[in-house]
Every structure is written in C-alpha cells, then in structure tokens.
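**Student:** Sequence order for the protein chains is D and R. Using this note's numbering, the letters of the first sequence correspond one by one to residues 9 to 403. Using this note's numbering, the letters of the second sequence correspond one by one to residues 1124 to 1386.
Heads up, a few of these hints could be off.
[Said to hold, decoys possible] Each computed BS3-like pair below joins lysine-lysine, with the alpha-carbon atoms no more than 30 Å apart:
| no. | chain 1 | residue 1 | chain 2 | residue 2 |
| --- | --- | --- | --- | --- |
| 1 | D | Lys105 | D | Lys243 |
| 2 | R | Lys1172 | R | Lys1295 |
| 3 | R | Lys1269 | D | Lys340 |
| 4 | D | Lys394 | R | Lys1375 |
| 5 | R | Lys1375 | D | Lys298 |
| 6 | D | Lys375 | R | Lys1269 |
[As the list claims (entries may be wrong)] Simulated restraints on C-beta separations:
| no. | chain 1 | residue 1 | chain 2 | residue 2 | range |
| --- | --- | --- | --- | --- | --- |
| 7 | D | Gln92 | R | Glu1371 | 39 to 45 Å |
| 8 | D | Ser350 | R | Glu1371 | 22 to 28 Å |
| 9 | R | Val1175 | D | Tyr255 | 26 to 32 Å |
| 10 | D | Asp149 | R | Asp1322 | 49 to 55 Å |
| 11 | R | Ile1386 | D | Glu26 | 50 to 56 Å |
| 12 | R | Glu1366 | D | Ile246 | 39 to 45 Å |
| 13 | D | Gln297 | R | Glu1366 | 26 to 32 Å |
| 14 | R | Lys1269 | D | Ser350 | 50 to 56 Å |
| 15 | R | Ser1261 | D | Asp271 | 24 to 30 Å |
| 16 | R | Ser1261 | D | Asp280 | 32 to 38 Å |
| 17 | R | Lys1269 | D | Glu25 | 46 to 52 Å |
Since the hints were derived computationally from the structure, they do not count as laboratory data. Heads up, the beta-carbon is just placed ideally off N, CA and C, and yes, glycines get one too.
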Amino acid sequence: MGYIKINNDKLTTKTAEELLDICPFNAFDYIDSYLSINAACKMCKICINKGPKGICEFIEEQKERIDKTKYKGITVYIEQRDNQAHNVSWELVGKAKELALKTNEEVYALVIGNDTKDIIKKALEYGVNKVFVYENEAYKDFNVEVYTNVVEEFYKNHQVNIILVGGTNQGRSFAPRIAARLKTGLTADCTKLDITDEGDLLQIRPAFGGNIMAKINTPNHRPQLATIRYKMFNKPEITKPFGEVIYEKTEGIDKKSNITLLDTFIKPRVKDISDAEIIIAVGRAFKKQKDLEMIEPLRVKLNAELACTRPLIENGWFDPRKQIGLSGRTVKPKLIINLGISGAVQYIEGMKESDLIITVNNDVHNKLFDISHYSIHGDIYEVLPKLNELLNQIL
Amino acid sequence: MKIITCIKQVPASSKVEVDPNTGVLIRDSNNAKMNPYDLYALESAFQIKNIVKGTKVHAVTMGPPSAKSVLEEALYMGADEATLVSDMRFAGADVLATSYTLSQLIEHINDYEIIICGKQTTDGDTAQVGPEIAEFLSIPHVPYVKEILKIKDSSVILRSGYDEYDEIVEVKYPCLITVEKGYNVPRLPSYRRKILLRDCKINTVSLRDLKDKNPGNYGLNGSPTQVDEIFPPERLTDSIKIEGTTEELATKMISILRESRFI
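Could you build the full structure based on these sequences and the hints that come with them?
**Tutor:** Okay, here's the thing in structure tokens:
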C-alpha cells in the first residue's frame, strides 16, 4: 500500500517528457513545469522502475498486517445445476490439490444445493479432504443473493485461505458478489495459478486489454478469490475416498431474494462463431461446395464451428454470420484450424488473437504461417482425407 | 423511471504489448473510446425511455478528467445527465475499489430504479464491477441480460443468458443489470443533440463529495489485489513449420490436437 510521489524539484523538461512517454496510461499531467499524476494511473510503477531515476518514488504506507497463518484451506466452490456438478469445478479441485501440496493445506469442496449426494460422492472420489455441504430446498436453483449468504456464513465459520470459482457465466456473476461481501480481492479468468510458501496465491491473467500478462496477488486480504475458465486445468485422478463430509446448518441463513426465477430454457447449440471455442475456417482452396464434406469428421470430433473467408460468402456457400475478418466477425477461440485460406490481412486481423492457430496450406509464403503456432505445409485435398482416415482409427 | 448507466473509457486499440527486453509497455496509440459493451447498456436505457414516459437516463463514469469525452458521447446519444467521479486518490483502483467508488457515487446520486452496466469492458474483461456495485448497494443484480421483457411498476422481467441455458427472472427495483452485446443496435451520437447540448455541463464528483471520505478505501489503498509484475505472454515467437509426407502431416496434426487436449 502506498502512493507515488513525484520529486518535482529534480524534474527537468527532458525527464518530464521521458515520463510522459513511458506511462502507458497517460496518467501524467505536465502543466507549467509541474508534473502530477491523475486518476488514470494504474500503479504499474513503470515510471519508477523504468523511468528516469529519482523523479518518481513509491512511498510505502504500512498497514496493519493480517496474520496469514490463521487462514487455512483451499476451497473450491462446486457449481451445480440439477444436482450435476459442472466439470470446471473438478478441474479446480485438481489445481487446488497441486497448490495444497506446496503449502501443506487441505482441499475443501463447498457444495450448495438441495439433493447433493452424487456431487459429494464425486468430490470424495476426486480426493478432497473435506466436503462442506449446505443443503436446503431453497438452494435447489442457483440464486446469487441466497448463495452469497451461504458463502458468507461458510467463511464466517471456516477462515479459509483461498476460494476458487469456475469462470462460467454463473461463476462470473457469483464470485464478485462474494468478493464484495467479504471485502476481498478477486482476480477473474486466471490462466495460471501458483502459491508462495506463505500461502499467497499468485494469479496470472492477461491484463490491460493487450498482449500482456500480469501476475496479481492479494497481499493482505483473505480469502483470496479467483475465477478460472473451463478447460484451463486437468481433472484430478480418481482416488479411494478419504475425505470427511460435513453437513452444515442452514436454518439461520437468510433465504430471501429480490429475484424470482420464472422459467428456464436449455439453449440449443450456440451457432455464433464469435463465441465458438473451436473453429474450423475454410477458404478459397475448396473448389466445390461439396468438398466441404471432407471437414466433417474433424468438425464432429472437435465439436467445432465452421467459419469461412469472404469469397465463400460471396459465392453463397455460407451465411454471412460465418465470415471471419474485418468485414465479418472477430473470433478468439481456443483453437482455430485454417484450411486452404490465403491469409489476407483483413482475415488475419479477425482471428490472430486465437489461443492456438493451426494452418494447413500448400503455399509456403502464406501470410497465415507467420502468425500460426503450427504451420502445416500441405494440400488440403491430400491432408484432409488422410486425417479422416486416422481419425476413424482412433474413434 | 430513473436509470443510471455505468460506462467506461477504454483504450481504442488493444495493441498494448510488453517489450520483452526492457519490460516497458508499448502502445501504438493514445486514443480512447467508450467501452463497446457500454453502448448496449445505454441503448437498453433509451429503449426503456421509449416505453416508460418520463424516464431519465443518467450516465456515470469513473476515470481521469479526460474520461468526460465518453460522457459527452452518452449525452449526444440521448442521456439526460452525466457525472464523472474523479480524484487523484482513485489511482490504482482494482475491481473492489472501483466498484466501491462507483457505488459511493450512485449513493451520492441516490435516485434510481435500475442501474445498467455493459457486460464487461474490453480492457479488463472481468465482468465483475457490475455485480460488485450491486453488492455494495445491497441490491439484486441480473447478469447477461439479453432482453427486457416487461417493465412493471415495482419490478422488471428479463431474459438472462447463461452458458447452457437462459433464465427468465423477475427482479424488484432497485436493481442492477448487465446487458449482453448484440441484442440491440446502439444508436449513433446525434449531431443535432451535439449542437443542442453544446454548453451542457458534465457534473464532476470527487472524494470530498462522497459519503465515505476515507482515502484508505479508494484507489491503491482500497485495493486488496496488487499487480506484482507484468510480462509478455508465453508465446511461440516462431511458428512451428511442419513438412513431410501427407501421412506425416496428418499424424502430426492429430498429435498436436491430442497434446492440447482437443481430442
């Protein structure tokens, strides 16, 4: 905790300009030879670490330190619907077990619901030390107000070190509510987690809307709260259950809500490519519309969405909503496979942020090869049939 | 009906990178714009205004003085009032401190039935500020709203989209909703309004105007999380080129998909 002090007495026009230039957030105002910091400052401290020496200074303000040894246990909130746990929760149990090894903590599952015996059984099989269960008719469906009251009660009784929540739409609505209730930090959508010997959770995620990663910690607040997207980590191995199940009282917990659930609709499969996690994109190298059938086995195996380049829209093979590129949709899936796409800049701009890019093309100089993680130099008319053959064998 | 919409100024370009050698952030422009998700929040407010006569839309933002430009844009689109909450002591605010500051501003305004936020911002992508504001105000929130189905005297019926299902919920006022992108078509700022509002004033609120004046609860000091370090993403700088026979190419492709757990 602290603030950045500017030593204006040491400032020259040159160093002021250097600082104005180095700040990525335009947080310096330089008026009448006087430099000040405005509210745009993100405290990234680049001005101190990388700027001219001695001008900017971080003044540490000591706050009362919490006793970190009092907070023990890595808790995973088990998201459930119709008494079925979401797989992201088990992935988090897997990660929690890894972290717990380093700090010698226990791993807890926090289960809130109405009829949760199957979930409890699974949690034990995944090797948690304790399952804390809050069962009540009122907890049948997720309600953010009602469930937050439960977590508050849980934390009041069990001062856990960490609570991990799946970064689903439900979790991304629930976790901030918990954080504000418990007045603690929350890091959304961590892509990596680690822990120090002291039990400080190191939360790594993309930051500042750019191609930057940030390592974030919560030095003086507990619990440490983070959400993690589905499919970031692996589920743990099934073990012989050894954990303990603790049924908690729910009578005293407020169950009133200002939100009434009127109806639920299970969604038909999402078809918008912007939201797709896995995309197979096709381009002009496909000579006939019928040739697109070559992709089917791979598409089915990956459960991918199909997308295309503009020429294929123009010849009417696809609905315009399937077009990737500046004049179409921007996509950022976990995986994109480019098949027979020439790689116009307009296309590349629409997909280059994808997590994993695989490109198959017979042109060595294809621009897509420069931004692909894997560039497979081959003709789609040869590679795809072979691929299908191999896919058939592993089915 | 009184509606508050929370909007944010974000960098116009997402091309911010870290120089791998010096650790310095590089950006390719200083341009800023309104968070695109907030356009849908504003449009939702204007649509309610079309249905419920006498509705007033109040756009608010937290940021440096230059963030006024997004409030101007909101006014030109159709907002009736705009307020900036800005103070040097808000610098370095994380989600908790930001949400707390906005909730203090909203308590200061203290006149609303619905607060509308965009689903998330393009610079933080956390989608957390809306729900945290609601919690600080002790009001319910409904995230990912795709449709406002019915506006009643003391509640609103909404369609809200989760990963695998949609919910229809009824929520009592006062409440906060965050809206999905793409369910309405945000209007453009009107040139006529711009001329009309040429001398319009944007309210500015600073720490001394808020109920909680303790600087320890704002900015870096009020932020439980801290950025330890920033660094470039681990990324393959060179594309891995795969050549060989068709059989080798197909086999390699399968092993890549397997290693990355897609099949």
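**Student:** Give a verdict on every hint.
**Tutor:** Hints, one by one, checked against the model:
Taking the CA atoms of D/Lys105 and D/Lys243, the gap is near 10 Å; set against the 30 Å cutoff, the hint holds. The straight-line distance between the Cα atoms of R/Lys1172 and R/Lys1295 is roughly 18 Å, inside the 30 Å bound, and the hint therefore holds. Annotation: proposed proximity of R/Lys1269 to D/Lys340 holds, straight-line Cα distance about 22 Å (limit 30 Å). Proposed proximity of D/Lys394 and R/Lys1375 is supported: the alpha carbons are some 11 Å apart, at most 30 Å.
Between R/Lys1375 and D/Lys298 the CA atoms are separated by roughly 26 Å; this keeps the pair inside 30 Å, and the hint holds. In summary, the hint linking D/Lys375 to R/Lys1269 is not supported, as the alpha carbons are separated by about 38 Å, beyond the 30 Å threshold. Evaluation of the 39 to 45 Å hint for D/Gln92 and R/Glu1371 yields a pass: the beta carbon distance comes to about 42 Å. Distance hint for D/Ser350 and R/Glu1371: a CB-CB separation of about 24 Å, consistent with the stated range 22 to 28 Å.
One distance hint, 26 to 32 Å for the beta-carbon pair R/Val1175 and D/Tyr255, is violated here, with the actual separation near 47 Å. Roughly 51 Å separates the CB atoms of D/Asp149 and R/Asp1322, a value that falls within the hinted 49 to 55 Å. Under the hint 50 to 56 Å, the C-beta atoms of R/Ile1386 and D/Glu26, about 51 Å apart, fit the expected range. R/Glu1366 and D/Ile246 have their C-beta atoms about 41 Å apart, which keeps the hinted 39 to 45 Å range intact.
At roughly 30 Å, the beta carbons of D/Gln297 and R/Glu1366 sit within the given window of 26 to 32 Å. Hint check: R/Lys1269 to D/Ser350, Cβ distance near 36 Å, so the stated range 50 to 56 Å is violated. Distance hint check for R/Ser1261 and D/Asp271: the Cβ-Cβ separation is about 27 Å, which falls inside the suggested range of 24 to 30 Å. Remark: the range hint 32 to 38 Å for R/Ser1261 to D/Asp280 is upheld by a beta-carbon distance near 35 Å.
A C-beta distance of roughly 48 Å is found between R/Lys1269 and D/Glu25, which places it inside the suggested range of 46 to 52 Å.
Hints 6, 9 and 14, counting from the list given before, are not met by this structure.
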